[in-house]
Amino acid sequence: MKKALSSIYIIIIMLFLYLPIFALMVLSFNEAKSMAVFTGFSLNWYVELFNSRLIMYAVVNTFTIAIISATVATIIGTAAVVGLDAMRPKTQNVILAANNIPMLNADIVTGISLMLFFLILRVPQGYMTILFAHITFSIPYVVLSVRPRMNRKTDRLFEAAMDLGASRKYAFRKVVLPELRPGILSGFLLAFTMSVDDFIITYFTKGAGINTISTIIYSQVKIGIRPSLFALSTIIFVVAFVALLIVNIKSKKQEVELVL
Amino acid sequence: MIIANKKWASPFIIWIIIGTIIPILSIVYYGMTSKDGGVTFANLGAIFSHDNLQALELSLLLALVSTIICLLIAFPMAMILKDSKYGKQGFLIFVFILPMWMNFLLRTMAWQVLLERNGVINSILTAVGLPRQAIMNTPGAIILGMVYDFLPFMILPIYNVVSKIDKHLLEAAYDLGANKITVFTKVIIPLSVPGIVSGITMVFIPALTTFVISNMLGGGKINLIGNIIEQEFTVNSNWYLGSGLSLVMMVFIIISMLLLNKFDKTGGASLV
Chain A
81 MKKALSSIYI IIIMLFLYLP IFALMVLSFN EAKSMAVFTG FSLNWYVELF
131 NSRLIMYAVV NTFTIAIISA TVATIIGTAA VVGLDAMRPK TQNVILAANN
181 IPMLNADIVT GISLMLFFLI LRVPQGYMTI LFAHITFSIP YVVLSVRPRM
231 NRKTDRLFEA AMDLGASRKY AFRKVVLPEL RPGILSGFLL AFTMSVDDFI
281 ITYFTKGAGI NTISTIIYSQ VKIGIRPSLF ALSTIIFVVA FVALLIVNIK
331 SKKQEVELVL
Chain B
13 MIIANKKWAS PFIIWIIIGT IIPILSIVYY GMTSKDGGVT FANLGAIFSH
63 DNLQALELSL LLALVSTIIC LLIAFPMAMI LKDSKYGKQG FLIFVFILPM
113 WMNFLLRTMA WQVLLERNGV INSILTAVGL PRQAIMNTPG AIILGMVYDF
163 LPFMILPIYN VVSKIDKHLL EAAYDLGANK ITVFTKVIIP LSVPGIVSGI
213 TMVFIPALTT FVISNMLGGG KINLIGNIIE QEFTVNSNWY LGSGLSLVMM
263 VFIIISMLLL NKFDKTGGAS LV
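Chains as they are written, first to last, in the numbering used here: chain A, 81 to 340; chain B, 13 to 284.
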């Protein structure tokens, strides 16, 4: 009885989560522009999507920004964890509290604060300002993913390596980095996803004339939804599905902490 | 032994100062300045104007309602996931993480397509002979969108906590004569507080400050505080007023954080 109830509950929640997405998927193959009636199968909207320069540029921007910002954030964040380890606990706590601000703050506030900052400095807003903003909100996630790996065990292993005659550099490369690696990897993935998924902060820091996938969806929805967006969401869903599947399989193998 | 020099953290510290602290101070600066450069509280006081106050009240109400709905849906879900054989990193968790990987604008757009006057739901209703429903552009539609977008953020932290509850504790409680209800209220719920708290934070604050969901599912007719702030920056270009209202909103964010921190002793560690 209890089992049946929980199965029904799971099914209802799954329908709630997935029916809207599947409705879009079905409509993306619709012949007509209708948002309600399926008139026949066609790939017209996929053709329109791939012919849209605006959307294709946005896709390129989204992924280059995500890769660059995640890489920079991972380097700065990992270095930060290593450096923090040498500080007094009190200092560490103060810095970590500041580190939490962008994570806990509302995105709209983070976005506005950066926009004002760029306005005050008279920095023209565009690709570079988006990049700066994305690195800013990604670093905290990297720090929080890597830090638990910088523990006593890592310290001891480092000492042991030094005792056995390794140089500082060698011990760091061969002992400390491999210990941190799962955290670094999940931090990078988290930063990458956060960047791809972000809309609000990008919206306030992008300026005119540049778009990411999120901002283009928002501007198109305002004008009127075209089914090419359904095609886009179908593709994004499939890509996310495959990517997550790979991450899941890999994380089982290498014991990377599963990312959101 | 110290692995490396403190200096390794300096790019990070500089980045926090430039990227986080100075920008937030600039909100404070603009929020407390009038257009001609003097210090003023008028931008903060603007929250008491009829329209703004109404928007703030509606935001608080909608955020509260959708947080409660998320919590009511998520807790049983987390308990089911905990007992499920698909357990950690299994199929079910995968199912709940997957929608989060899809752009939330597309997810919100999906509901727009479903709820529209000539949308999917209404054409199904008319096909079976029922009257059309005007769900779109109502506060109800916004709550629906919030619950849909933020539900996984409630399920995951609660699941993370309940799945780590030591089974021996529950057994001990039963051995000492507790019944199911007592075990649930006296053992399971108190132990899952950190997860509940981070879930509430991760739903309430985005819901309170959203302007996207209200714009897309409210048809631009329902103004939340997020919409008003967004318009001050993008339409009216009145950064002073926009910053002032943002400061007021930050006060509400800080209050809810402080309230929640009282219950969560892990210091937000369950957020990630």
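Hint data in this document are derived by calculation from the structure and do not stem from the laboratory.
Just so you know, not all the hints are guaranteed correct.
[Stated by the list, open to error] Chain B regions said to be covered by chain A (calculated; three or more residues, Cβ under 8 Å):
(1) 45-55
(2) 84-94
(3) 132-140
(4) 206-215
Backbone N, C-alpha and C define an ideal beta-carbon position, used for all residues, glycine too.
Given as covered by chain A, does the stretch 132-140 of chain B meet the bar of three residues or more with CB within less than 8 Å?
With 3 residues close enough to chain A, the hint holds.
Given as covered by chain A, does the stretch 84-94 of chain B meet the bar of three residues or more with CB within less than 8 Å?
holds (count 4)
For the stretch 206-215 of chain B, do three or more residues have a beta carbon lying closer than 8 Å to a beta carbon of chain A?
That given contact is violated, which follows from only 1 residues of the stretch 206-215 of chain B lying within Cβ reach (below 8 Å) of chain A.
Establish whether the coverage given for the stretch 45-55 of chain B by chain A is satisfied; the threshold is a Cβ-Cβ distance below 8 Å, and no fewer than three residues must meet it.
Three-residue rule not met by the stretch 45-55 of chain B, so violated; n is 0.
The structure fails to meet hints 1 and 4 from the earlier list, while all remaining hints are met.
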